[in-house]
Amino acid sequence: MIRFQHTEIGYHRPLLAIEDLHLQKGKVYALLGLNGSGKSTLLKTLAAQIPVLSGNLLINDFIVEELAQNANLRAQQIAFVSSRFEGVEHLSVADYVGLGRIPYASIFGKLTADDRQLVHDTLEKLGLSYLSEKRTLELSDGERQMVSLARAFVQDTPVLLLDEPASFLDFLNREQLLRTLIPWAMHTNRCVVLSSHDLDLCIEHDLPLLLLAQQKLNVVQGLSKRDVQQLLIEKA
Amino acid sequence: MFIGFTLVLVLSCLVHLELTKVNVLNEVQANILWWEFRFPRLVSALVAGAGLSLSGLLMQNLFRNPMAGPYVLGINSGASLATALLMMGGFTFVSSNLGLVGSALLGAMLAATFMLFVSWRIQQTTSLLLVGLMFASFTGSIESVLQSWAAPEEVKQFFLWNMGSLQQLTAQQAPWLIAIFGVAVIWSLLLVKALNAFVLGQEQAFQLGVRIKTVRFSILAITAILAGSVTAYCGPIAFVGLAIPNLGRQLLRTQDHLHLILFCLFFGAFFLLACDVFSLLLEPYFSLPINVLTSLIGAPYIAYLVLRRS
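Residue numbers (my numbering), protein chains in the order written: chain Z, 115 to 350; chain W, 933 to 1242.
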């Protein structure tokens, strides 16, 4: 689903080089790395916000440059929950989640009956129906994070990127987040990449880990916490 | 709901026309009065109210700040300064209407372009609003300097323009104002989807497939066209652009910009028309400049909004 071929990534300057790596659909990858190792830069590159410096990056068989050019096509391939959603005055949860349909909407942004049904079903599946009519400013941190996830689900893209989705959540909500994401990715064949600092959580759910250290990106799975920490520190 | 709005608007137009009616001897005089006085004044009220409200809505969306507006971002100030330069800077073609309109439009455009460049350099909205306010106070002081130089006649002329008036538009200018307004309305209707996404911030809007730079430029261009032309023909009119969009969000409780645009157009036109009807009713006793009325109603409402927020 996401394929790197001699890809050099960085913001103006090269930050990391990835020789050959393929991220498969149906899986949730956890991106781990120390502060400043370039997790956000990598995610922004995957989101076609920052151009690759050299080499190829294919997202669902589209060259990333093409996605950078074609705004609507990009929004139909990649959903990105990039920053913490703070809520907007007078915007209801249902309307907020409905904005995920913008890449498919007609010129006035009107939702079709199917769109509204999808919003309704998604909220129900995530157990958020009770929030539907609530204003986004009135939500708790945990609710806002889940509602952002609902909006990304509704965008219905093969690739979903999440920048530290767990950081404002308590342990119960973190559990719920992963228990929602993992089956969703598996059953609907999506490729999810989430950055995180919560090593325990990622190992507990046996996620494939993308370790970002010393300008390299390695995929590991099934290692102990000690081993992973060792890998992250040693190489830095 | 919009059928109701249309009815109210049409009714207030009829009231306005009734109040501007003057007893005349013959048809020719009535005709002249209609084209030179009653019709342009009605058009001024409708277009200025709707246009300023729409440009306020767009600014508030772009800067993600409900306190933004053409007034706060210095676009009116640009128009005002250009007019002041023309009226009191010793230029003799002051009396030509075209010169006045052209300079105000040019000033608004320059101010909008200036703010556009500033917004490229400064990403923070608060800083941008501060630059706008500084710009407004800077142009204000230049105007004061000009006033101390200028002849009393010129100062008086500028002073009158600066108070805002719906009676400056001429019959020949009205079609131009309507045409400019029409283009701006259609252009903003084409942006509805992007405006809805902008509510979440420009980064999220980008993720939803919005062409950020194009939309940003469009919003600034529409605002400059609307605020610039309205200011040129009617003088700076305060608080309409700030208050009406806020009222719309508060009443409709939505961020759907199709509804908000329609509300701003209808209610903005109605509001300024109602203000003018009010001043027409008071006219036998004393005359109130339109700016005084909009500020009397608008300023307390904005203060209430700010207080409720904090």
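Careful: at least some of the hints might be erroneous.
Residues from chain Z that keep clear of chain W, each with C-beta distances beyond 12 Å, as calculated [stated by the list, open to error]:
id: 1; residue: E122
id: 2; residue: P128
id: 3; residue: D175
id: 4; residue: L240
id: 5; residue: N303
id: 6; residue: Q329
id: 7; residue: E348
Coverage of chain Z stretches by chain W, computed from C-beta distances (three or more under 8 Å per stretch; other residues unrestricted) [what the hints assert, rightly or not]:
id: 8; stretch: 192 to 199
id: 9; stretch: 213 to 219
Taking CB as the label site, the calculated pair distances span [stated by the list, open to error]:
id: 10; chain 1: W; residue 1: H1191; chain 2: Z; residue 2: V334; range: 49 to 57 Å
id: 11; chain 1: W; residue 1: L939; chain 2: Z; residue 2: K139; range: 38 to 46 Å
id: 12; chain 1: Z; residue 1: T226; chain 2: W; residue 2: F1049; range: 57 to 65 Å
id: 13; chain 1: W; residue 1: F1049; chain 2: Z; residue 2: V334; range: 43 to 51 Å
id: 14; chain 1: W; residue 1: V1115; chain 2: Z; residue 2: T226; range: 25 to 33 Å
id: 15; chain 1: W; residue 1: I1054; chain 2: Z; residue 2: R198; range: 47 to 55 Å
id: 16; chain 1: W; residue 1: F1210; chain 2: Z; residue 2: E238; range: 14 to 22 Å
id: 17; chain 1: Z; residue 1: M300; chain 2: W; residue 2: I1110; range: 32 to 40 Å
id: 18; chain 1: Z; residue 1: K248; chain 2: W; residue 2: L1183; range: 18 to 26 Å
id: 19; chain 1: Z; residue 1: N174; chain 2: W; residue 2: F1049; range: 32 to 40 Å
id: 20; chain 1: Z; residue 1: R198; chain 2: W; residue 2: K1088; range: 54 to 62 Å
id: 21; chain 1: W; residue 1: L1065; chain 2: Z; residue 2: E180; range: 41 to 49 Å
Simulated from the structure, these hints should not be mistaken for laboratory data. We put the beta carbon where it would ideally sit given N, CA and C, even for glycine.
These are the hints, each one checked on the structure:
no., hint, result
1, E122, "holds (23 Å)"
2, P128, "holds (24 Å)"
3, D175, "holds (19 Å)"
4, L240, "holds (19 Å)"
5, N303, "holds (21 Å)"
6, Q329, "holds (26 Å)"
7, E348, "holds (34 Å)"
8, 192 to 199, "holds (count 6)"
9, 213 to 219, "holds (count 5)"
10, W:H1191 with Z:V334: 49 to 57 Å, "holds (51 Å)"
11, W:L939 with Z:K139: 38 to 46 Å, "violated (56 Å)"
12, Z:T226 with W:F1049: 57 to 65 Å, "violated (40 Å)"
13, W:F1049 with Z:V334: 43 to 51 Å, "holds (48 Å)"
14, W:V1115 with Z:T226: 25 to 33 Å, "holds (30 Å)"
15, W:I1054 with Z:R198: 47 to 55 Å, "violated (23 Å)"
16, W:F1210 with Z:E238: 14 to 22 Å, "violated (51 Å)"
17, Z:M300 with W:I1110: 32 to 40 Å, "violated (59 Å)"
18, Z:K248 with W:L1183: 18 to 26 Å, "holds (19 Å)"
19, Z:N174 with W:F1049: 32 to 40 Å, "holds (38 Å)"
20, Z:R198 with W:K1088: 54 to 62 Å, "holds (56 Å)"
21, W:L1065 with Z:E180: 41 to 49 Å, "holds (43 Å)"
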